[in-house]
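Undergrad: Now for the letters of each chain:
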Amino acid sequence: MKNIYYPYEAELIKIKDETPNIKSFFFKLSQPLTFREGQFMQLSVPGIGEAPFTPSSKPGEVDELVITILKTGRVTDYLHEKVKPGEILGLRGPFGHGYPTHLFDGKTALVIGGGVGLAPLRACLYGLFGERYEKVNRISIKYGARSPYDLVFRDEYEEWVKKGKVDMSISIDRPHPEWEKGEFKFEGVSQTVGLVTVLLDNLDVDIENTYAVSCGPEIMLKFVTYKLLDLGFKPEQIYLSMNRRMSCGVGKCHRCNIGPYYLCKDGPDMCYADIMNYDPFGSI
Amino acid sequence: MKRVFLPEKKLKQFFSKISQEYELFACTRSEGAGRIVRLDDIPEEFEFAPVRTAESLRLFLLKLRQLVAKYPSDEYKDITPDFPRRAVIGVKGCDIRGIKIFDEVFLNDPDYVDPFYKSARESLFLVSIDCTDALDTCFCNLLGDKPYAEEGFDINLSPVDGGYVAVAGSERGSKILSSLSLSEAEQQAISQMETNRETILAKLEEINKEFKTEKSYRELLEASEGADGWETAADCVGCGACTNVCPTCFCFTLYDLKGKDANYRFSVWDSCQYSGFARMAGGTNPRRSLLERFKHRYNHKFLHYPIRYNGVYACVGCGRCIVNCLGKIDMRQTFKNLDEAAKTATSKE
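Just so you know, the sequences run in chain order A and B.
Numbering-wise, the first sequence is residues 1 to 284 according to the numbering used here.
Numbering-wise, the second sequence is residues 1001 to 1349 according to the numbering used here.
None of these hints come from the bench; they were simulated from the model.
Yeah, the Cβ is synthetic: ideal placement off N, Cα and C, and Gly gets one too.
Possibly wrong hints are sitting among the right ones.
Stated by the list, open to error - Okay, derived cross-link-like pairs now, EDC-like style, lysine to aspartate or glutamate, Cα gap no bigger than 16 Å in a straight line:
hint: 1; chain 1: B; residue 1: 1070; chain 2: A; residue 2: 9
hint: 2; chain 1: A; residue 1: 2; chain 2: B; residue 2: 1111
hint: 3; chain 1: A; residue 1: 2; chain 2: B; residue 2: 1186
hint: 4; chain 1: B; residue 1: 1295; chain 2: A; residue 2: 61
hint: 5; chain 1: A; residue 1: 28; chain 2: A; residue 2: 61
hint: 6; chain 1: A; residue 1: 2; chain 2: B; residue 2: 1109
hint: 7; chain 1: A; residue 1: 2; chain 2: B; residue 2: 1075
hint: 8; chain 1: A; residue 1: 2; chain 2: B; residue 2: 1082
Claimed, not checked - Simulated coverage check for chain B against chain A, where a stretch passes if three residues somewhere in it have a Cβ under 8 Å from a Cβ of chain A:
hint: 9; segment: 1110–1118
hint: 10; segment: 1223–1231
hint: 11; segment: 1255–1266
hint: 12; segment: 1278–1292
Build the full structure now, drawing on both the sequences and the hints.
TA: Here it is, written out as structure tokens:
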């Protein structure tokens, strides 16, 4: 029988610094796999532990994978400090459903990210930039980070907005001298200061024909959700990446549930309409 | 279903037949709850526990600590775990129903089957026996259940004068019974079996009459908001005893260790009552307060699990959580309080 807990070998071929505490890890897989945007992998550091991450690279059938990781705990500390290219790590997955990209056909995709939350959303964007691009009306990206130095994938924004159907605005949490001076200037990208929800003020999308996907710290997801509801979005139009603590990844250990839903099996990207009656943000 | 009569004097033969294929465990009478004991020798006679045992069957199916992978190692990619073949004789209906709760999660999931559970489950031979008494913490009747098993066993025994009415619930159970050349149970024995069942059910009704609620447990939780009716949570110390003795709790966590020659991955029992259970890296915790974790346990058992798995409660009314609670919290009382709170809320409207 297939052992659902066994981590398959994956060679780490490159590590790229994205921000002072976020790095992208590039993997060569021992066997190709097919993942949908938003689906997640369980990444093992041998003998240390395992944690769930959604790849930030292009979805589909792949033999390479990029996972962008914030240094924030036992496993991620180890990844940031100790692990070197050439080492063999472990992967299980992909797990979960991922983003409902089919909903974006003929609609506007409102993509709202915070901090390292842009990583899973980048896979979603790459998905939308592929075959789907013809069908999508518009892709509007709203992205917030603590400071200019905490923005991930900075070298790609200009490329994205040049595509035509894509617009992007960015905010940083607090005023920053280099931001004010225009030292972080992205051509075609609107830039401001404030929490990511300020980017939803004066939102110029046709709300009725828009679906929103959001990924970031849960406290941000909570306020993004309330803001979107305020603006007139229906709960059915809001999808949240609830990337909570998971252990098994396969709906067994019962750690990641929101009500009757297992985020690992039914998510991690959940429609707010499904979870709204089950205290989705708890004490967050 | 064919009912046969197993005379007391053939019990030894019954045990020894089962022991040819299985390591033998049996539920014996003890003060209060029964105990599960290993039978290294076949006893001449045996007194079964009249009520449930102190231990649930969880230990037979989900080890406290299970090695789930040694990696890298080809032998763990695909695996047929080799669990000892064991038989537990004298299990009560509540514990038999508890296994169904596990089955839905570990075995009947169309996407992912847990190979360790599957193996342990298939290696476990179960002989259930009707309750012939009730503890004052037993409350299966409040959940609409009965003090005997109707399915899920290999063999069920109903104690009557001079022996047991025996019924097979599986092919392997049927094989054991037919090897003993037993005669069909007489009407008198069957009537006695039915009378005993009714007597114990009546006793349970009497024990639990003060805890009856107007609304079902699920309805009470669906309607519950805030802290109204949750007064019992004030006595909770978050020790997790309730989840450790529960025959339907199955939460676990995976953890890895570095060995000399390889890396090891274990699954160990965990509890939703611990503060770190859902805490994420970085410290964010969706259930930070003890009250939230307390409510979570009730919600999981009586609301979330039934929604996900065919309306069945993830509680069998065995009452182990009541007996083992450091704060003396009685689940029945919590629901009674919720019921009262719901009535008060309705009358205010």
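Undergrad: So, for every hint listed, does it hold in this structure?
TA: Each hint tested on the structure:
1. B:1070 x A:9: holds, 13 Å
2. A:2 x B:1111: holds, 12 Å
3. A:2 x B:1186: violated, 49 Å
4. B:1295 x A:61: violated, 43 Å
5. A:28 x A:61: holds, 13 Å
6. A:2 x B:1109: holds, 14 Å
7. A:2 x B:1075: Holds - the C-alpha atoms of residue 1075 (chain B) and residue 2 (chain A) are around 11 Å apart, at most 16 Å.
8. A:2 x B:1082: holds, 15 Å
9. 1110–1118: Per the Cβ count (6), the hint holds.
10. 1223–1231: violated (count 0)
11. 1255–1266: Since three or more residues must qualify, the claim that chain A covers the segment 1255–1266 of chain B holds, with 8 doing so at under 8 Å.
12. 1278–1292: holds (count 12)
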